[in-house]
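With the hints as constraints, model all of the structure from the sequences given.
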Amino acid sequence: MSEFINGILRLRRGPWEMLASVLIALGVVMLMQPVAIWLYTYSFVVTLVGTIMFIIVSHFPE
Amino acid sequence: MSASPLDQVAAATPVQMATKIKGLSDRAIAWIFVTPTILILLAINIFPLIWTIRLSFTDFRVNRPNAEVSWVGLRNYERVLTDPDIWTAMQATAHFLIWTIVLQVLIGFTLAYLINKKFRGNDLWTTIIVLPMMLSPAVVGNFWTFLYQPQIGLFNYAVSFFTGIDPSSFSMIGDVNLAPWSIVIVDTWMWSPFVMLICLAGLRSIPDSIYEAAECDRASKWRQFWTITIPMVLPFLMLAVLFRGIENFKMFDLVVQLTGGGPGSLTELSSINLKREAFEKWRTGYASAYAVILFVTVFGLASIYVKALNRVKNR
Amino acid sequence: MSFSPTEPSRRQKWVAGTLVVVYALVTILPLVWIIATGFKSPSDAIAYPPKVVFEPTLEGYVNLFTTRTRVSEEDFAALPPPSSWYEQIVRDSGLVIAGPSRYGARFANSLIIGFGSTFLCMILGTAAAYAFSRFRVPIKDDLLFFILSTRMMPPIAVAIPIFLMFKNLGLNDTHAGMILLYTAVNLSLSVWLLKGFIDEIPVEYEEAALIDGYTRFQAFYKVVLPQAATGIASTAIFCLIFAWNEYAFAVLLTSGTAQTAPPFIPTILGVGGQDWPAIAAGATLFLLPVMVFTILLRKHLLRGITFGAVRK
Numbered sequence: 135m136s137e138f139i140n141g142i143l144r145l146r147r148g149p150w151e152m153l154a155s156v157l158i159a160l161g162v163v164m165l166m167q168p169v170a171i172w173l174y175t176y177s178f179v180v181t182l183v184g185t186i187m188f189i190i191v192s193h194f195p196e
Numbered sequence: 272m273s274a275s276p277l278d279q280v281a282a283a284t285p286v287q288m289a290t291k292i293k294g295l296s297d298r299a300i301a302w303i304f305v306t307p308t309i310l311i312l313l314a315i316n317i318f319p320l321i322w323t324i325r326l327s328f329t330d331f332r333v334n335r336p337n338a339e340v341s342w343v344g345l346r347n348y349e350r351v352l353t354d355p356d357i358w359t360a361m362q363a364t365a366h367f368l369i370w371t372i373v374l375q376v377l378i379g380f381t382l383a384y385l386i387n388k389k390f391r392g393n394d395l396w397t398t399i400i401v402l403p404m405m406l407s408p409a410v411v412g413n414f415w416t417f418l419y420q421p422q423i424g425l426f427n428y429a430v431s432f433f434t435g436i437d438p439s440s441f442s443m444i445g446d447v448n449l450a451p452w453s454i455v456i457v458d459t460w461m462w463s464p465f466v467m468l469i470c471l472a473g474l475r476s477i478p479d480s481i482y483e484a485a486e487c488d489r490a491s492k493w494r495q496f497w498t499i500t501i502p503m504v505l506p507f508l509m510l511a512v513l514f515r516g517i518e519n520f521k522m523f524d525l526v527v528q529l530t531g532g533g534p535g536s537l538t539e540l541s542s543i544n545l546k547r548e549a550f551e552k553w554r555t556g557y558a559s560a561y562a563v564i565l566f567v568t569v570f571g572l573a574s575i576y577v578k579a580l581n582r583v584k585n586r
Numbered sequence: 157m158s159f160s161p162t163e164p165s166r167r168q169k170w171v172a173g174t175l176v177v178v179y180a181l182v183t184i185l186p187l188v189w190i191i192a193t194g195f196k197s198p199s200d201a202i203a204y205p206p207k208v209v210f211e212p213t214l215e216g217y218v219n220l221f222t223t224r225t226r227v228s229e230e231d232f233a234a235l236p237p238p239s240s241w242y243e244q245i246v247r248d249s250g251l252v253i254a255g256p257s258r259y260g261a262r263f264a265n266s267l268i269i270g271f272g273s274t275f276l277c278m279i280l281g282t283a284a285a286y287a288f289s290r291f292r293v294p295i296k297d298d299l300l301f302f303i304l305s306t307r308m309m310p311p312i313a314v315a316i317p318i319f320l321m322f323k324n325l326g327l328n329d330t331h332a333g334m335i336l337l338y339t340a341v342n343l344s345l346s347v348w349l350l351k352g353f354i355d356e357i358p359v360e361y362e363e364a365a366l367i368d369g370y371t372r373f374q375a376f377y378k379v380v381l382p383q384a385a386t387g388i389a390s391t392a393i394f395c396l397i398f399a400w401n402e403y404a405f406a407v408l409l410t411s412g413t414a415q416t417a418p419p420f421i422p423t424i425l426g427v428g429g430q431d432w433p434a435i436a437a438g439a440t441l442f443l444l445p446v447m448v449f450t451i452l453l454r455k456h457l458l459r460g461i462t463f464g465a466v467r468k
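Residue numbers (the working numbering), protein chains in the order written: chain V, 135 to 196; chain D, 272 to 586; chain L, 157 to 468.
Take the hints with a grain of salt, since some may be wrong.
[Unchecked claim] Once the Cα atoms are required to be at most 20 Å apart in a straight line, the calculated EDC-like pairs of lysine to aspartate or glutamate come out as:
#1 L:Lys296 to L:Asp355
#2 D:Lys584 to L:Asp298
#3 D:Lys578 to V:Glu151
#4 D:Lys492 to D:Asp479
#5 D:Lys492 to L:Glu163
#6 D:Lys578 to L:Asp298
#7 L:Lys378 to L:Asp355
#8 L:Lys378 to D:Asp297
#9 D:Lys584 to V:Glu196
#10 L:Lys207 to D:Asp437
#11 D:Lys584 to L:Asp355
#12 D:Lys584 to L:Glu360
#13 L:Lys455 to D:Asp394
#14 D:Lys388 to L:Asp298
#15 L:Lys296 to D:Asp297
#16 D:Lys552 to D:Asp394
#17 D:Lys388 to D:Glu486
#18 L:Lys296 to V:Glu196
#19 L:Lys169 to D:Asp394
#20 D:Lys552 to D:Asp354
#21 D:Lys578 to V:Glu196
#22 D:Lys552 to D:Asp330
#23 D:Lys578 to D:Glu518
#24 L:Lys378 to L:Glu360
#25 D:Lys389 to L:Asp355
#26 L:Lys169 to D:Asp479
#27 D:Lys584 to L:Asp297
#28 D:Lys552 to D:Asp297
#29 D:Lys578 to L:Asp297
#30 D:Lys584 to V:Glu151
#31 L:Lys323 to D:Glu551
Quick caveat, the hints were computed from the structure, so don't treat them as lab data.
In this text, all values refer to a predicted model and were calculated from it rather than measured experimentally.
Printed below as a string of structure tokens:
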């Protein structure tokens with residue numbers, strides 16, 4: 135876990151990509167869940183942030 | 272993407288070579304070779320995509336080309352993201368997505384595991400099993416409506432043969448409770464072989480020596496399965512799940528032909544719902560915002576897919 | 157037989173084999189049913205219980221390629237005797253042939269568009285794949301991801317502007333438009349697959365050729381292309397299959413002259429609804445080539461469907 139935080143702080147690709155992937159996955163789940171419509175409403179923002187983040191952080195050093 | 276040794280050699284050689292050879296420089300050739308592809312993709316994929324994004328901020332309608340078009344800002348997005356009908360379509364997509372993936376992983380992995388027992392003739396049977404995968408989903412989907420006919424369909428007959436239920440008493444595509452399953456069944460029939468092939472590659476990538484070592488340690492078969500087989504196949508399985516997830520998230524042809532989104536709009540998956548907004552109701556601006564939302568989702572999943580892909584490649 | 161802990165026992169093999177064979181038989185049943193239905197008479201096709209044994213007839217195929225009309229009884233009786241076996245089949249059902257159906261033209265469209273786009277795809281794809289494989293292309297990884305992501309795009313999401321663009325350029329419902337579109341759709345596949353195949357060819361061959369005084373171009377088509385022949389052939393078949401099967405763009409952007417077979421086959425109608433034997437006949441003719449190709453490609457199948465990621 136501390137390695138993960140360390141990677142985040144030092145702008146390493148691995149943990150940031152993981153974070154972006156989690157955001158994208160969360161957005162997809164929010165988009166299609168049957169529980170609350172407000173989750174659906176905000177799903178797009180989450181996915182968008184995750185996707186843009188992924189594009190940026192995939193250029194970070196390993 | 273980390274470069275394989277071959278890549279590194281390839282990248283390193285031409286530079287020295289270039290000085291020795293006549294003709295165009297390698298850099299020029301590289302550009303001449305790559306540019307046409309990039310240009311076509313820009314013209315036919317990216318340009319339309321940018322156009323879609325632009326349209327998504329307007330109230331343009333294709334069927335009224337002369338009407339004045341005005342910018343509406345984010346209003347289309349706001350309306351799409353608060354539309355309960357689209358939310359329902361997303362849930363229909365989720366049902367389809369989750370069940371197809373669960374069933375395909377179960378069937379696909381089991382088949383791969385069995386085929387990996389290397390019984391005689393396994394190549395022949397593998398080839399037969401993969402046949403449905405490569406066929407046209409629209410044509411096959413259309414024919415499945417015939418197999419699903421209540422009175423005369425082969426599917427209903429087979430069900431009644433094994434369970435004794437009257438074959439004319441249920442209609443897979445007409446019934447509210449069964450229709451969502453009818454598309455799951457056909458998709459699973461078509462795509463389980465895909466998961467099977469990927470799992471098979473995963474199983475075959477496990478060196479025998481690992482099992483032999485485990486055998487020496489007196490690990491039980493059950494334990495070997497959970498501590499060797501599953502973890503080693505998991506990256507491959509991830510790949511298959513992501514790929515099927517993306518494909519089924521944008522599923523169109525098979526389901527359009529099979530149920531057309533019906534009964535009502537029960538099996539109206541997001542792509543079909545979008546097609547209706549764009550090409551039947553002609554709400555172009557609104558549909559464009561919808562399209563952008565679907566696209567961003569797919570693009571996000573695709574990024575994860577490529578990551579999973581590289582992990583498998585580096586094995 | 158040598159004993160190995162990893163070699164499955166005979167009983168295990170037997171059980172596994174049986175289960176797989178049962179699954180395989182169940183899974184090809186719908187395909188067998190399509191082929192069988194094509195040879196059934198309309199009444200046999202909708203018989204209950206479904207007929208396994210039936211008298212084969214070519215009625216479905218004749219109906220697939222013709223349009224038929226009903227004529228009054230006097231006119232029917234006054235007709236000259238049928239001049240061919242297919243006319244005979246139509247007459248037997250109390251109808252006369254009115255003309256050819258559109259299936260032939262739709263099938264030809266599928267062929268033209270499929271082969272046209274595959275050809276373009278292979279030329280562009282081979283060149284790009286070679287460059288990506290051998291040269292130091294700036295932002296290579298980003299370009300490759302960009303190329304792949306175009307494949308992931310949902311067709312419906314870009315269909316609206318493509319529809320508008322094609323309308324402006326006069327490409328709607330034309331062969332040229334569809335060839336261009338399918339080329340763009342399949343380029344990602346051809347670039348990724350071919351890059352994988354070319355990566356596997358050792359660079360030493362080209363180096364030797366270059367030292368022998370070949371130019372890069374010569375080395376490319378005299379050394380690399382022959383080496384990559386299998387890869388190029390299987391990639392071409394994949395592109396062909398995907399173009400052949402494509403439905404979403406075809407149904408949205410074509411309606412007449414350039415319509416391919418997949419949107420057309422489901423619309424085949426007979427007397428009182430869908431003419432299932434004719435549809436099955438059309439589907440059989442349309443699906444069989446793909447089945448044959450799948451069997452030919454079985455070694456490269458996995459590679460093709462995962463964009464060259466998993467090589468087995």
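Lysine 378 (chain L) paired with aspartate 297 (chain D) [C-alpha distance capped at 20 Å]: OK: lysine 378 (chain L) and aspartate 297 (chain D) at ~17 Å, within 20 Å.
Would you check the hint for lysine 492 (chain D) and glutamate 163 (chain L), treating anything up to 20 Å between C-alpha atoms as holding? holds (13 Å)
Keeping to a limit of 20 Å between CA atoms, is the pair of lysine 584 (chain D) and aspartate 298 (chain L) held or broken? OK: lysine 584 (chain D) and aspartate 298 (chain L) at ~17 Å, within 20 Å.
Given hint glutamate 151 (chain V) paired with lysine 578 (chain D) - CA-CA distance at most 20 Å: holds (9 Å)
Mind checking the alpha carbons of lysine 169 (chain L) and aspartate 394 (chain D) for me, to see if they're no more than 20 Å apart? At roughly 14 Å apart (the allowed maximum being 20 Å), aspartate 394 (chain D) and lysine 169 (chain L) satisfy the hint.
Mind checking the alpha carbons of lysine 296 (chain L) and aspartate 297 (chain D) for me, to see if they're no more than 20 Å apart? holds (15 Å)
Is the hinted pair lysine 389 (chain D) and aspartate 355 (chain L) satisfied, with a Cα-Cα distance of at most 20 Å? violated (30 Å)
Just to be careful, I want the Cα atoms of lysine 378 (chain L) and aspartate 355 (chain L) compared with a cutoff of 20 Å; is the pair within it? It holds: about 17 Å lies between the C-alpha atoms, which stays within 20 Å.
Does the structure keep lysine 584 (chain D) and glutamate 196 (chain V) at a Cα separation of 20 Å or less? holds (17 Å)
Lysine 552 (chain D) paired with aspartate 354 (chain D) [C-alpha distance capped at 20 Å]: Holds. Lysine 552 (chain D) to aspartate 354 (chain D) sits at ~15 Å (cutoff 20 Å).
So if I understand the rule, the pair passes when the alpha-carbon distance is 20 Å or less; does lysine 552 (chain D) with aspartate 297 (chain D) pass? Outside the cut-off at roughly 52 Å; violated.
Compare the distance between the alpha carbons of lysine 455 (chain L) and aspartate 394 (chain D) with 20 Å, and conclude whether the hinted pair is satisfied. holds (10 Å)
Consistency with the previously given hints fails for numbers 12, 14, 16, 25, 28, ordered from lowest to highest.
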